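Line order of the protein sequences matches chains Y and R.
Take 1 as the starting number for the first sequence in the working numbering and just add one per residue.
Take 1 as the starting number for the second sequence in the working numbering and just add one per residue.
Since the hints were derived computationally from the structure, they do not count as laboratory data.
Here the structure is a predicted model, which means the values were calculated and not measured.
C-beta atoms are modelled at their ideal positions from N, C-alpha and C, and glycine is treated no differently.
Treat the hints loosely; a few may be bogus.
[Stated by the list, open to error] Here are some, though not all, of the chain R residues that point toward chain Y, as calculated from beta-carbon distances under 8 angstroms:
hint	residue
1	Leu160
2	Ala169
3	Asp200
4	Ala215
5	Gly288
6	Val290
7	Glu301
8	Thr350
9	Trp353
10	Arg357
11	Val392
12	Met413
[Said to hold, decoys possible] With a straight-line cut-off of 25 angstroms between C-alpha atoms, the simulated DSS-like cross-links for lysine-lysine are:
hint	chain 1	residue 1	chain 2	residue 2
13	Y	Lys221	R	Lys323
14	Y	Lys258	R	Lys393
15	R	Lys195	Y	Lys215
16	Y	Lys258	R	Lys421
17	Y	Lys218	R	Lys379
18	Y	Lys218	Y	Lys230
19	Y	Lys212	Y	Lys230
20	R	Lys195	R	Lys379
21	R	Lys64	Y	Lys230
22	R	Lys323	R	Lys313
23	R	Lys64	Y	Lys261
24	Y	Lys258	R	Lys195
25	Y	Lys212	R	Lys195
26	R	Lys323	Y	Lys230
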Amino acid sequence: MRPEALGEAVLDVAVLVSVGRHPVTGRARRADQDARGVELAKSLERAQVTLLHAGTLGEEDEEALRGYLGMGLPSLALIEQPRGADVLPALARALEEANPQLVIAGERAEQGEGSGMLPYLLAERLGWPLIGGVADVESIENGTATLLQALPRGQRRRLRVRLPAIVSVDAAAPAARQSAFGPARRGEIEAEPAAVEWDEAQTEWSVTPARKRPKRLKIVKAASARDRFKAAAAKAEGGSGQVLTDVTPEQGAEAIFKLLKEEGVLR
Amino acid sequence: MSEIIRRDPRREWIARNRLHPDHLSVLAELGKRGASATTEWMGPNGVIRRDPHAVGFIGPNGIKRIDRSGAQQGGHAVVGTTGTKESRRLVTIDEPAFLVAVVPDMPGGRLSAHDRDLLGLARQLADADGERSGAVLAVIFGQADLGGLGDAGIDRLIVLDGDDLDGYAPEARLAALAAVERELAPRLWLLPDSKLGGADLGRRLAARLGERPAAGVWQIERDDACALGWRCTGRGAAGSSDIQRTLPRVVLALPECAEPVFETRHAAQPLSLKQALPSLLGRIEDRGQVAVDPAGVALSEAEFILSAGNGVKDWDGFHHAAKVLGATEGASRVAVDDGFMPRDRQVGATGTWVTARVYMAVGISGAIQHLQGIQSCDKVVAINLDPGCDMVKRADLAVIGDSAGILAALVEMVERQREEKRDAA
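Kindly produce the complete structure, drawing on both the sequences and the hints.
Laid out in structure tokens, this is it:
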């Protein structure tokens with residue numbers, strides 16, 4: 001049943017999807033983070049999800065884009081942009097026209113520059129708030145969304161943001177469902193032409209496959225042979241460590257408690 | 001008195017015999033103690049005499065060591081490493097030709113290794129031109145530990161503090177950075193490309209300034225054909241390609257992009273903005289951190305680990321303590337081999353290399369494999385019965401005593417404090 005049929009308020013969600021690149025084979029695929037974004041959009045209640053992609057419809061690209069349709073979406077809007085074009089103006093215009101309440105994007109692309117700037121530039125241009133690294137949407141009511149943002153070390157932060165807003169998802173978001181073959185074939189890709197602006201700066205760059213980064217050497221700045229030897233033969237030693245002997249368990253616990261408080265790991 | 005110089009064989013013998021009770025007093029009489037110059041003197045027959053005993057120094061183990069590199073002269077006490085730290089050259093830049101702005105992450109109010117690398121990169125960019133050197137400006141949000149910032153290579157310092165800048169406040173922080181840009185107009189902005197906030201803030205700043213940033217930069221090199229005189233290499237396409245281009249004004253750099261500053265000290269002179277920061281209506285509201293299940297956090301990225309070893313006998317108490325403290329559980333190899341902990345909780349060379357900020361080792365003596373695994377931990381707390389073990393040497397705080405009793409006392413303390421907080425609220 002379509003959500004409109006229920007006669008309730010419908011949340012308009014646009015997901016920006018891109019063509020990914022398999023890290024091992026290098027073949028085009030649905031991008032991992034974008035697929036997680038689609039999964040997040042599908043998990044929202046009463047949401048009307050539209051997929052938006054700016055690019056060409058080559059044979060390989062179509063295969064990858066159908067991967068998103070196979071997640072259970074009827075259609076995908078394609079803004080036709082040739083390779084090497086700056087897709088930002090076209091995407092911004094499309095979003096202004098569609099005026100969704102929530103835009104979900106992956107954190108960074110798997111092809112091209114992949115600087116992760118697109119959501120930020122869109123937010124700046126549209127004047128919408130942006131939240132990066134969203135792991136989950138807890139609730140959406142009265143024009144505000146409550147989100148969980150993923151922090152390093154597996155931590156989460158709860159944020160509230162007024163809609164319309166742009167959120168970007170990374171690998172902390174729930175994993176995407178499998179793409180089903182039948183719906184992927186049946187889904188429609190609705191292409192619409194758009195004005196093209198070329199990205200001129202990119203032509204001046206030289207792009208090479210990633211080189212392995214040099215490993216940092218442990219440089220010992222020692223004046224004497226003795227210091228060099230000490231540095232080379234040193235076992236791990238705290239040096240300035242504080243050792244409490246002959247204390248009652250309470251005193252010991254007190255000292256540890258103080259340190260944990262200072263470090264802010266106790267909640 | 002006759003002119004003949006007479007020797008006193010007995011005194012000479014005492015002076016040679018370090019074990020003689022009168023050895024020191026005789027040496028003093030002969031004038032061979034105290035000053036190091038007396039390792040050599042003119043003998044009675046006009047021959048230079050050397051005292052082989054005065055060469056070298058007594059090492060930390062009580063054994064005499066002779067250092068022939070010339071760094072140490074005989075008789076002196078051991079020169080500690082603190083002496084070399086203070087001998088860093090102090091550099092003050094009064095009239096900088098330009099500013100290189102750095103916004104470090106400062107997790108927990110301290111510079112991280114990534115921040116230090118970034119400051120090293122900033123130094124490299126600022127000092128490249130000998131006579132027209134620039135200054136490194138650090139913009140720091142919130143309360144921070146301001147000691148040692150000069151040693152990291154900071155010339156100028158702006159500390160922005162306020163309620164609206166605390167927590168996740170990207171909009172307020174962006175407005176503050178824009179104010180810095182308006183007033184001081186730094187030539188370059190460097191931010192860490194890290195999940196802790198630098199990546200987010202840097203991209204916002206680039207979008208606000210209308211600059212196209214270079215993300216994932218890991219190398220820079222001089223190139224006078226470029227606008228700012230530098231080229232940079234950064235990762236693109238999710239880390240699968242290298243993009244080489246001219247250095248833009250906003251740079252997001254990866255860890256180990258440069259060597260941290262270790263030769264010079266800098267002034268870290270505080271600056272303040274002339275205009276107060278504009279107050280703006282935030283559209284993003286920070287509702288604070290959410291409690292997550294510590295057992296669900298991967299061991300390699302847990303922030304706080306409570307680790308058990310052979311010395312733990314009360315396993316129920318240990319698990320309870322981990323739960324109350326909100327710590328992720330770890331274990332040494334022995335505890336895993338004995339079947340008290342699952343294999344995926346093993347810390348060390350054969351298990352997981354952990355990166356915790358606080359690592360609490362309970363009853364772990366510290367085998368070298370285990371110590372390797374906790375190399376990158378910030379603070380190590382040890383609870384052990386043996387004060388001489390390696391873990392106690394590594395630890396920042398070591399408590400010698402029975403682990404069960406100390407853990408129980410700690411749990412009680414934490415629970416009592418939570419109770420008080422709840423009562424107050």
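Going through the hints against the structure:
1. Because the smallest distance between the Cβ of leucine 160 of chain R and any Cβ of chain Y comes to about 20 angstroms, over 8 angstroms, the interface hint for this residue is violated.
2. Checking alanine 169 of chain R against chain Y: minimum C-beta separation of about 11 angstroms lies over 8 angstroms; hint violated.
3. Interface hint status for aspartate 200 of chain R: upheld, as the beta-carbon distance to the closest one in chain Y is roughly 5 angstroms, under 8 angstroms.
4. For the restraint placing alanine 215 of chain R at the interface with chain Y, the shortest Cβ-Cβ distance is roughly 4 angstroms, inside the 8 angstroms limit, so the hint holds.
5. The interface hint given for glycine 288 of chain R holds, since its Cβ lies 6 angstroms from the closest Cβ of chain Y, which is under the 8 angstroms cut-off.
6. Of the supplied interface hints, the one on valine 290 of chain R holds, with its beta-carbon coming within about 4 angstroms of a beta-carbon of chain Y, less than 8 angstroms.
7. Nearest Cβ of chain Y to the Cβ of glutamate 301 of chain R: about 5 angstroms, under the 8 angstroms cut. The hint holds.
8. Among the interface hints, the one on threonine 350 of chain R is violated; its C-beta lies about 17 angstroms from the nearest C-beta in chain Y, farther than the 8 angstroms criterion.
9. For tryptophan 353 of chain R, the interface hint is violated, the least distance from its beta-carbon to any beta-carbon of chain Y being 14 angstroms, above 8 angstroms.
10. The closest approach between the C-beta of arginine 357 of chain R and any C-beta of chain Y is roughly 6 angstroms, which is under the 8 angstroms cut-off, so the hint is satisfied.
11. Checking valine 392 of chain R against chain Y: minimum C-beta separation of about 6 angstroms stays under 8 angstroms; hint holds.
12. Taking 8 angstroms as the C-beta contact cut-off toward chain Y, the hint placing methionine 413 of chain R at the interface holds, the least distance being around 5 angstroms.
13. Under the criterion of a C-alpha separation no larger than 25 angstroms, the hint pairing lysine 221 of chain Y with lysine 323 of chain R is inconsistent with the structure, at around 44 angstroms.
14. Taken as a hint, the lysine 258 of chain Y and lysine 393 of chain R pair is honoured in the structure, with Cα atoms around 20 angstroms apart against an allowance of 25 angstroms.
15. At roughly 22 angstroms between alpha-carbon atoms, lysine 195 of chain R and lysine 215 of chain Y fall within 25 angstroms of each other, so this suggested pair holds.
16. Proposed proximity of lysine 258 of chain Y and lysine 421 of chain R is supported: the alpha carbons are some 16 angstroms apart, at most 25 angstroms.
17. Proposed proximity of lysine 218 of chain Y and lysine 379 of chain R is supported: the alpha carbons are some 21 angstroms apart, at most 25 angstroms.
18. Of the supplied pair hints, the one linking lysine 218 of chain Y and lysine 230 of chain Y holds, its CA atoms being roughly 14 angstroms apart against a limit of 25 angstroms.
19. A C-alpha spacing of about 31 angstroms is found between lysine 212 of chain Y and lysine 230 of chain Y, which places the hinted pair above 25 angstroms, so the restraint is violated.
20. Between lysine 195 of chain R and lysine 379 of chain R, the direct Cα distance comes to roughly 22 angstroms. Compliance with the 25 angstroms bound is thereby established for this hinted pair.
21. As the CA atoms of lysine 64 of chain R and lysine 230 of chain Y are separated by approximately 16 angstroms, the hinted pair is consistent with the 25 angstroms bound.
22. Distance restraint check for lysine 323 of chain R and lysine 313 of chain R: the Cα-Cα separation of roughly 17 angstroms lies within the 25 angstroms cut-off, and the hinted pair is therefore satisfied.
23. Proximity of lysine 64 of chain R to lysine 261 of chain Y is assessed by CA-CA distance (about 45 angstroms); at most 25 angstroms being required, the pair is judged violated.
24. A C-alpha spacing of about 28 angstroms is found between lysine 258 of chain Y and lysine 195 of chain R, which places the hinted pair above 25 angstroms, so the restraint is violated.
25. Restraint check for lysine 212 of chain Y and lysine 195 of chain R: the C-alpha separation of about 22 angstroms stays at or below 25 angstroms, so the hint holds.
26. Annotation: proposed proximity of lysine 323 of chain R to lysine 230 of chain Y is violated, straight-line Cα distance about 41 angstroms (limit 25 angstroms).
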